[in-house]
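Participant: Now for the letters of each chain:
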Amino acid sequence: MTIGPLAWFRRLRHADAWIYGTMLFSACLSLLASFVLSIDAVRLAANPGVGLSCDINAVISCGTVALSWQAQLFGFPNAFLGMVAEPVVITIAVASLAGVRFPRGFMFAAQVVYTLGVAFAYWLFYEAMFSIGALCPWCLVITVSTTLVFATLTHVNIRDNNLYLPPRMQQAAARFIDADLDVLVVTIWLLVIALSVTTRYGSALFG
Amino acid sequence: MGKQAGRAPRRLGKARVAGVVIVALLLVAIVFTIVRAAGDDSGAKPAASGPVVAPSGAVDGALVVGQAGAPVKVEVYLDYMCPYCGQFERANGDEIDRLIGDGTARLYLYPLAFLDEMSGGTRYSTRAANAAATVYDQAPDKLLPFNNALFAHQPPEGSTGLSDDQIAGLAGQAGVPKAISDDFDERVFEPWVAASTQAAFDAGLGGTPTVKINGVKFEGDLYTVGPFTHAVTEAAK
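So the protein sequences, as listed, match chains A and P. 1362 is the number of the first residue of the first sequence in my numbering; add one for each residue after it. 161 is the number of the first residue of the second sequence in my numbering; add one for each residue after it.
Treat the hints with care, since some could be wrong.
[Unchecked claim] Covered stretches of chain P, going by a simulated chain A footprint (3 or more residues, C-beta under 8 Å): (1) 170 to 178; (2) 189 to 195; (3) 257 to 266; (4) 361 to 371.
It is worth saying that the hints were derived from the structure and are not from the lab. Ideal Cβ placement from N, Cα and C applies to all residues, glycine included.
Given the sequences, and given the hints that come with them, work out the whole structure.
Facilitator: Next comes the structure, spelled out in structure tokens:
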């Protein structure tokens, strides 16, 4: 029996290799962005004069995001959190690709902590858009990549029934994933972000 | 049981169709906002084109304030949208007033406009710089109060800036006669602002605020009171 490309893709999408592979990719992207932002923050701290100007070549911003209080909510640059958290995700992804299966409680804990991280990333995204009013390209990379990691982590945890959901909810969630509606939700979500960025900064980016 | 199993996929199928429709609508909306944003420049407020007219008393791109015999030449390059220019001004504005007043310094103010893209298509940098040039042209002694007022009410980077009426209102607060602020709309000095911005860049300006004392870039702390004043007084000795 031959299978169509769609069925083939669906089978691939729910396979460990795809799930953990994309998780690895998104986590690496997030780590890279955190790294760049951390270096910027350290450089800024060592040399307060450096960032305190509007560079004529920086069309995007005057670096106001990095200097806002929101950028150091816990007294150190937020990007440090990404440097701490993303390697854990990378480890989970690599170990899982190698065939390790983590206990249910472990994956549940990962889901809880990462959900907090995503909430924090979105709070920052909101603040940058509406309070600080400046666009920060690497921050956007973090917003998108943490969303992707969150989506794959949730996908695999629902697939493997790791979330201690009541049976009915678990069944509904599994059906939702099985019907690939999560792909649509994530796509819509990312497009909403893209739309809010183009609406808010369109004239700066394309004007 | 069989019925239920049949109904669920159908409902999910509907959800899938709805999702695809939403994706398509979002894509259309994104393209629409991009196209609209790209067309913004030719929209409501095109850059004034015309001959470069310098405000009377201006030296090249600078609005000059202070006694000709003052020993120290202070040059300030700014953009009214630049948040750090606001910080510098709010920290040192009074000191600059004082140093000019007691004849220590002569101020060369370069109002530039390179952050126009940061004001949602309203070209705030250019409008504010044109207003400053207009004030200087007709009432040079009101330039500093107006300059201070613009920075005291500086709009955040990325906002749509202050409206023309708000700028005129600040001019009024700074003691600029209404007859002058009515001329802001003429945008007479916009070509001059554009030309002096370009000239400053061609001369190697890296960013704003840039402050020069007797032609030498001041590298000290611009955002607390003291270091700048100290450097100026040292240069006067």
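Participant: Hint by hint, note whether the structure agrees.
Facilitator: How the hints compare with the structure:
Closer than 8 Å: that is the beta-carbon criterion, and the region 170 to 178 of chain P has 4 residues meeting it against chain A, so the requirement of 3 holds. With 4 residues having a beta carbon nearer than 8 Å to a beta carbon of chain A, the region 189 to 195 of chain P meets the requirement of three or more and the stated coverage holds. Counting residues of the region 257 to 266 of chain P whose CB falls under 8 Å from any CB of chain A gives 0; the rule of at least 3 is not met. Counting residues of the region 361 to 371 of chain P whose beta-carbon sits less than 8 Å from any beta-carbon of chain A gives 7, enough to reach three: the coverage restraint holds.
Hint violations for this structure: number 3 only, all remaining hints satisfied.
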